[in-house]
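Novice: With chain E held as given, fit chain X onto it using these hints.
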Amino acid sequence: MLKEIKALLWKDIVLEWRHKYALNGILLYTFSTIFICYLSFEVLHARVDQFSWNALYWIIILFTSISTVAKSFIQEKEGRQLYYFNLVRPQSIILSKIIYNSGLLVLLAVLAFGVFSLVLGNRVQDPGFFVLIILAGTVGFATTLSLMSGIASKADNNGMLMAILSFPVIIPVLLMIIKLSRNAIDGIARSESLDELLTLLAIDMIVGTLAYLLFPYLWRS
Amino acid sequence: MFSIKKSWWKILGVLLTAYALLGGLLMEVPRLAILNETIRNLYYHVTMWFGMIILLTGSLVYSLRYLSSKNEHFDIRAEAYAKAGCLFGVLGIVTGMVWARYTWGEFWSGDPKQNASAIALLIYFAYFILRSSFEDPQQRSRISAVYNIFAYFAMIPLLFILPRLTDSMHPGNGGNPGFNYFDLDGKLRMIFYPAIIGWTLMGVWFASIKIRIQDIRLTQDL
Chain E
1 MLKEIKALLW KDIVLEWRHK YALNGILLYT FSTIFICYLS FEVLHARVDQ FSWNALYWII
61 ILFTSISTVA KSFIQEKEGR QLYYFNLVRP QSIILSKIIY NSGLLVLLAV LAFGVFSLVL
121 GNRVQDPGFF VLIILAGTVG FATTLSLMSG IASKADNNGM LMAILSFPVI IPVLLMIIKL
181 SRNAIDGIAR SESLDELLTL LAIDMIVGTL AYLLFPYLWR S
Chain X
1 MFSIKKSWWK ILGVLLTAYA LLGGLLMEVP RLAILNETIR NLYYHVTMWF GMIILLTGSL
61 VYSLRYLSSK NEHFDIRAEA YAKAGCLFGV LGIVTGMVWA RYTWGEFWSG DPKQNASAIA
121 LLIYFAYFIL RSSFEDPQQR SRISAVYNIF AYFAMIPLLF ILPRLTDSMH PGNGGNPGFN
181 YFDLDGKLRM IFYPAIIGWT LMGVWFASIK IRIQDIRLTQ DL
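Protein sequences, first through last, are from chains E and X.
At position 32 of the first sequence (counting the first as 1) the number is 32 in this note's numbering, and the numbers step up by one without a gap.
At position 5 of the second sequence (counting the first as 1) the number is 5 in this note's numbering, and the numbers step up by one without a gap.
Okay, chain E solo, but in the shape it has when bound:
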């Protein structure tokens, strides 16, 4: 199974590298959104306070994640899915997708954090902890969204469906992240936010287990 996951991961990375337009498209999408946010505040001569900073950052990451992960199953053609179905276990497929998407989203979120701080000013007093939150949070995003992308790819109008299916189920993760990153922004002692970090990790575990158990039923068609 480990071998299968490794092979599938390698395939995804190579595929992404060959079709650079997708990766570049997502990068441009994130940066233009950040720039639009910056300009919208700039035109009012308003400074972004820490609360708006926090909410804006995570909303941008949420939308970027949805567009990034949406393509993970939708891009694969029917015939190729049948080929995988005969070749590997469904669990390996969902695990490889989760790992791949997590890596991609962490990379994107950290990059976006850099650009965001550059144009809107860095409000985070504890950047190390903030990056840790990005890590824990984007894994939750990637897990939930990977399963949702699998569901949406089976339906007929999958673009909109992906968004409406994902929004409500991702809110618990999103709210925990925003609360946690507020602590990181205010520079509160890390031990204070341990409880919430554990809750976030627990939610990650729950959605991960669910995705692992439910995906085989999705796959069989």
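If you're looking for bench data, these hints aren't it; they were derived computationally from the structure.
It is possible that part of the hints are untrue.
[What the hints assert, rightly or not] Take a look, some chain X residues computed to stay more than 10 angstroms from chain E by CB distance:
(1) Lys6
(2) Ser7
(3) Trp8
(4) Leu25
(5) Lys113
(6) Ile209
[As the list claims (entries may be wrong)] Computed footprint of chain X on chain E, listed as stretches where at least three residues anywhere in the stretch have a Cβ under 8 angstroms from a Cβ of chain X:
(7) 142-154
(8) 166-173
(9) 203-215
If you're wondering where the values come from, they're calculated on a predicted model, not measured in any experiment.
A virtual CB, placed ideally from N, CA and C, is assigned to each residue, including glycine.
Specialist: Chain X in isolation, oriented as in the chain E frame:
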């Protein structure tokens, strides 16, 4: 046990609901600061939420049974229970909003439980939209069952964990007077528990009518 052809449980449901409606308005209630007479909403708002949770759990059980047996009839049941549960969810949120208007001052006060319940309803509306976007009935049943199970377990942290992390304005949270020690005198319990059973039976009845129609449609098709 709850066969559509038997009528005892329907009569019981109507009687219990009527008892809760009348008794809830007429019987003596404990006097509590802030709550005063609005404590009577406990009989309607809270019991409807309990009914909703029970019905949605029923929907979850049928989705699980569908995935393990691939029997279309289970999927019909899952959908019908989800619909009945959502009806109580909407009623519960409306009664809660009316209550909040007189207790907290606003229809929507941004209480964490209020927000969480609105999100929970969004999840089930997404479930119905997902169902309607499939042409092939078998694919529809299987994939919406997967989403139903996932959504239910994503709802649990929403309804039970997140509101506890911040102070809620609901009675019993954040230093507000609660019901717990008044429950002990049994005045509230005498209506509270029958009302839960009554609403749940009514919901099962709604669902069973829908199930019957859909079952007939399914067998006619085949």
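Novice: Check each numbered hint from earlier against the structure, then list the numbers of those it violates in ascending order.
Specialist: Of the numbered hints given earlier, the structure breaks none, since each of them holds.
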